[in-house]
Amino acid sequence: MVKEITVISGKGGTGKTSLAASLVSLAENTAVADCDVDAADLHLVLNPRVEQVNDFSGGKSSAIIPDKCTGCGKCHELCRFGAVVKNTDQKTVFTIDPIACEGCGVCSYFCPEKAIEFKQAVNGQWFISSTRYGPMVHAKLGIAQENSGKLVSLVRSQVKIIAEEKGLPYIIVDGPPGIGCPVIASVTGTDCVLIVTEPTLSGQHDLERVVELINFFKIPAYLCINKFDINPEMSDIIEKKAMAAGVKVVGRVHYDRNVTGAQVKKLPVVEMPNTPAAADVRTMWSNLLQEITAATKVS
Amino acid sequence: MSPKLTIAVASGKGGTGKTTVSASLSCAAADAGYKVAYLDCDVEEPNGHLFLKPEIDCRHLVGIPVPVVDQKKCVACGACGQICQYSAIVCINKNILTFDKMCHGCGGCALVCPAGAITEKSRSIGSIEGGSAGRISFYHGNLFVGEAFSPPLIRAVRSTGCNGLNIVDAPPGTSCPVISAIKGADYVLLVTEPTPFGINDLDIAAGMVKELGIPHAVVVNRHDPDNTLARDFCRDRGIKILAEIPDDRRIAEAYSRGALPYSAVPGYRELFKELLISAVKEAKW
Ligand code: SF4
Ligand code: SF4
Ligand code: SF4
Ligand code: SF4
Numbered sequence: 001m002v003k004e005i006t007v008i009s010g011k012g013g014t015g016k017t018s019l020a021a022s023l024v025s026l027a028e029n030t031a032v033a034d035c036d037v038d039a040a041d042l043h044l045v046l047n048p049r050v051e052q053v054n055d056f057s058g059g060k061s062s063a064i065i066p067d068k069c070t071g072c073g074k075c076h077e078l079c080r081f082g083a084v085v086k087n088t089d090q091k092t093v094f095t096i097d098p099i100a101c102e103g104c105g106v107c108s109y110f111c112p113e114k115a116i117e118f119k120q121a122v123n124g125q126w127f128i129s130s131t132r133y134g135p136m137v138h139a140k141l142g143i144a145q146e147n148s149g150k151l152v153s154l155v156r157s158q159v160k161i162i163a164e165e166k167g168l169p170y171i172i173v174d175g176p177p178g179i180g181c182p183v184i185a186s187v188t189g190t191d192c193v194l195i196v197t198e199p200t201l202s203g204q205h206d207l208e209r210v211v212e213l214i215n216f217f218k219i220p221a222y223l224c225i226n227k228f229d230i231n232p233e234m235s236d237i238i239e240k241k242a243m244a245a246g247v248k249v250v251g252r253v254h255y256d257r258n259v260t261g262a263q264v265k266k267l268p269v270v271e272m273p274n275t276p277a278a279a280d281v282r283t284m285w286s287n288l289l290q291e292i293t294a295a296t297k298v299s
Numbered sequence: 001m002s003p004k005l006t007i008a009v010a011s012g013k014g015g016t017g018k019t020t021v022s023a024s025l026s027c028a029a030a031d032a033g034y035k036v037a038y039l040d041c042d043v044e045e046p047n048g049h050l051f052l053k054p055e056i057d058c059r060h061l062v063g064i065p066v067p068v069v070d071q072k073k074c075v076a077c078g079a080c081g082q083i084c085q086y087s088a089i090v091c092i093n094k095n096i097l098t099f100d101k102m103c104h105g106c107g108g109c110a111l112v113c114p115a116g117a118i119t120e121k122s123r124s125i126g127s128i129e130g131g132s133a134g135r136i137s138f139y140h141g142n143l144f145v146g147e148a149f150s151p152p153l154i155r156a157v158r159s160t161g162c163n164g165l166n167i168v169d170a171p172p173g174t175s176c177p178v179i180s181a182i183k184g185a186d187y188v189l190l191v192t193e194p195t196p197f198g199i200n201d202l203d204i205a206a207g208m209v210k211e212l213g214i215p216h217a218v219v220v221n222r223h224d225p226d227n228t229l230a231r232d233f234c235r236d237r238g239i240k241i242l243a244e245i246p247d248d249r250r251i252a253e254a255y256s257r258g259a260l261p262y263s264a265v266p267g268y269r270e271l272f273k274e275l276l277i278s279a280v281k282e283a284k285w
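These protein sequence lines are chains A and B, in that order. Sequential numbering from 1 applies to the first sequence in this note's numbering. Sequential numbering from 1 applies to the second sequence in this note's numbering.
Be careful, since some hints might not be right.
Chain B stretches covered by chain A per the calculated footprint, using a threshold of three residues with CB under 8 Å from any CB of chain A [said to hold, decoys possible]: (1) 20-33; (2) 119-131; (3) 162-175; (4) 251-264.
Hints are computed from structural coordinates only; laboratory data are not their basis. For every residue, glycine included, the Cβ atom is placed at its ideal position computed from N, Cα and C.
Excised from the complex, chain A in its bound form (with noise of 0.2 Å):
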């Protein structure tokens, strides 16, 4: 049975995806499957090559046709979001900020003029593609759009599909940062989480919550401390608190510049060899590993 493996952060720039791209190297035959829809950036050291382009709609949204609308105000004292926008031009009296629509319908539903078109949007795309590792499943979220968590469930469920046709032993999800609606989206469901943080005292706040989120939803989690000897001391209280939180720490990653030289060179860091980072993440990958392996005998 394929393991989805998903890496999430709370906080963001804690190094959450130059990681993701580590594991994806070291696991040698896994898919892939970019969740940070919102700032997708698995891709530029992962270097995939598209294959298959798809459009995605995340729900509807409404539009005035000025023909038939009469200025009525109906909507505008209906729509709860202030997506219908009062216009000082004459031509026409309102108009939907596509910005601002939630897509609810309310406003189509009641125009007494029917005036109101209300149907599915574009708000993204999404891919498959090949990268040297195995399959990858990407999306880019138009600008400004919403319903990510949306974007984020259809990106989980073709990769799972993949993987599964193809065999494959596991699938690695780069997660979105926080713990809204696209968090929930990526964690759901999955077989384990790996959390990385960073040893400072807004890491150690973000995980706190980060980890209330997973426990809310039962998901066996183990976490990475990120550049530890940035605060050695922090690194310690973090892993404590975690412990005591049911999480295990897996793994220490030295503060090391090659993780930036790494992406310059759009590599995944374990592969620059000798760089102390590179034999962290080593290290991290195969603790992880003992652990799934030992959850799985246990159920």
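Model the placement of chain B with the ligands on the given structure of chain A, informed by the hints.
Relative to the frame of chain A, chain B with the ligands by itself:
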């Protein structure tokens, strides 16, 4: 001159130093004698309080209206389930089920119900706390863990602030939460770091603010004089760089213990003072 100016600090990528910049700017503004409020709209992971250490003196809950169905009045017509775009209310075997967590609070179901069976109640999704950090008015939102939709809470944080300079710490990314945070701002500062990931995400974020039509500029964090990625990008796009914060280990160490370069690292007070002056000037306040 309008008495109010709102500057939002945003970035496509997380962890670029948004909170460092917005909190430092707030301190610089207070020291320069401005009436200033700091609004932490990164409600999924609010961090500003770790640096500004405010005294909180008020707290209130923020909710969205969700439907309550009176089964006795319901005639099981199914109209509520048909209008709902989010599968938050469904009619199965003459029973109405509601799923509060999926509800966006649009009010459609209550409006269509022919039997008047639907009323609304508020369901809390997070809280807002307010207080002061020295001369800075402080507000932040806190999304409850397990909640998916942050925009209503972000909009509520945005509605606080002061009748002076408001500095908004926006969430990372480019989708609905960020847009709720920066919409209506007078000026946006995009914080980036000069790495391939940083520039890729800056590109998306710059596209977003352009789409929203808000004047903006870039602040480069962890700047290294040998690396011209950010400068090249901004030159090509015609975006101004208002400040370059050096890649200085002392800043990282101060940050790790919850201290700002503005007050904790010698030499940075001037940098943020100048950034404040140029941002206010660029925003034509
Ligand atoms: S409800 Fe229909 S007719 Fe009335 S202003 Fe809106 S679009 Fe025009
Ligand atoms: S669809 Fe809903 S959110 Fe969009 S404009 Fe109409 S009422 Fe407003
Ligand atoms: S208020 Fe809107 S989103 Fe909520 S249940 Fe009713 S129709 Fe659905
Ligand atoms: S619209 Fe009103 S009457 Fe019809 S099924 Fe829903 S709650 Fe019942």
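| query | Quick check: which numbered hints come out false for this structure? | reply | 1, 2
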